[in-house]
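J.: Residue-level listing of the chains:
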Amino acid sequence: GNSVTQMEGPVTLSEEAFLTINCTYTATGYPSLFWYVQYPGEGLQLLLKATKADDKGSNKGFEATYRKETTSFHLEKGSVQVSDSAVYFCALIYNQGGKLIFGQGTELSVKP
Amino acid sequence: GAGVSQTPSNKVTEKGKYVELRCDPISGHTALYWYRQSLGQGPEFLIYFQGTGAADDSGLPNDRFFAVRPEGSVSTLKIQRTERGDSAVYLCASSADRVGELFFGEGSRLTVL
Chain A
1 GNSVTQMEGP
11 VTLSEEAFLT
21 INCTYTATGY
31 PSLFWYVQYP
41 GEGLQLLLKA
51 TKADDKGSNK
61 GFEATYRKET
71 TSFHLEKGSV
81 QVSDSAVYFC
91 ALIYNQGGKL
101 IFGQGTELSV
111 KP
Chain B
1 GAGVSQTPSN
11 KVTEKGKYVE
21 LRCDPISGHT
31 ALYWYRQSLG
41 QGPEFLIYFQ
51 GTGAADDSGL
61 PNDRFFAVRP
71 EGSVSTLKIQ
81 RTERGDSAVY
91 LCASSADRVG
101 ELFFGEGSRL
111 TVL
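Chains as they are written, first to last, in the working numbering: chain A, 1 to 112; chain B, 1 to 113.
Hints were generated in silico from the structure; no laboratory data involved. Since we're looking at a predicted model, the values are computed, not measured. Mixed in with the good hints there might be a few duds.
To be verified - List time: in silico EDC-like cross-link candidates among lysine to aspartate or glutamate, alpha-carbon distance up to 20 Å:
hint: 1; chain 1: A; residue 1: Lys-52; chain 2: B; residue 2: Asp-57
hint: 2; chain 1: A; residue 1: Lys-52; chain 2: B; residue 2: Asp-97
hint: 3; chain 1: A; residue 1: Lys-60; chain 2: B; residue 2: Asp-97
hint: 4; chain 1: B; residue 1: Lys-11; chain 2: A; residue 2: Glu-42
hint: 5; chain 1: A; residue 1: Lys-56; chain 2: B; residue 2: Glu-101
Chain B on its own, in the form it takes in the complex:
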């Protein structure tokens, strides 16, 4: 499809396990963002890539969270030693050159038991 694709759409894991969430942005979009959304809250910024490099990772909550975008297209958000508080919907968005105009995927819902 032509939109932002996120996989898996749903992930249930146990406390302490490792999780990877994948984002496939719109072709040609150089900027890619990860956000986290808890129930009843707005999206909370995690990290932003411009090309292959992380331009701003100030929203990553701690060193258990890491994201890569090795070829400037697909990105993976990695969470180590998951905790119950990590349960949320993780949103990915991509953007061309228009400031603030983000195209969001439908999200990956992570549940940590």
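Okay, chain A solo, but in the shape it has when bound:
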């Protein structure tokens, strides 16, 4: 079936370090891919998305590229801040208007 697998957390980094959170997916056809973020005490919110192969989604300094050949959508940021501490969820949707399928989440903790 369709599924998303993320690297396990927690990930602990120092401020200004480079971040990668791995995400791979299994899906029939060509899904759209998303990263959602959950800051402490807040609801999930969309961070970025990519709808077709080789698309790059970007927002708030975060980037992810839809790689069909490796079925991956890794999240990257060149220089993390303490305010980036949150739980990050990779997700896919495999038909128009259908349900989002989430990975298990990766907790990121950034220390000053």
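Based on the hints, put chain B in the right spot on chain A.
T.: Structure of chain B alone, referenced to chain A:
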């Protein structure tokens, strides 16, 4: 407010009791979703409404779970004969026409003793 509102934010109940969780979506959003999130896990899909009708209820775990959206706006998730395993945060989200772009509420935390 302008966001998705869920009530109650916290609900403690006893095994076997009936529970209702309410979701007030963003005005004008036609799609509404319910998810369940256990500690350390990603959101697990339960049901999705397009307007008043359930477009996909394949995630409802069993017939103790039921959801309605009678006027295409507010939705209620109903759980009968609650069990301890139902303890989780129940998330509601709404969406306009942009595929996969969901706006989530802060959730209703259900604890079944």
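J.: Against this structure, judge whether each hint is valid.
T.: Evaluated hints:
Between the alpha carbons of A:Lys-52 and B:Asp-57 the distance comes to roughly 27 Å, so the proposed pair goes past 20 Å and is violated. Straight-line distance between C-alpha atoms of A:Lys-52 and B:Asp-97 comes to about 18 Å, which keeps the hinted pair within the 20 Å bound. For the hint pairing A:Lys-60 with B:Asp-97, the CA-to-CA distance comes to about 24 Å; that exceeds 20 Å, so the pair is violated. Between B:Lys-11 and A:Glu-42 the alpha-carbon distance is near 18 Å, which keeps this suggested pair within the 20 Å criterion.
Our distance criterion of 20 Å between C-alpha atoms is met by A:Lys-56 and B:Glu-101, whose separation comes to about 16 Å.
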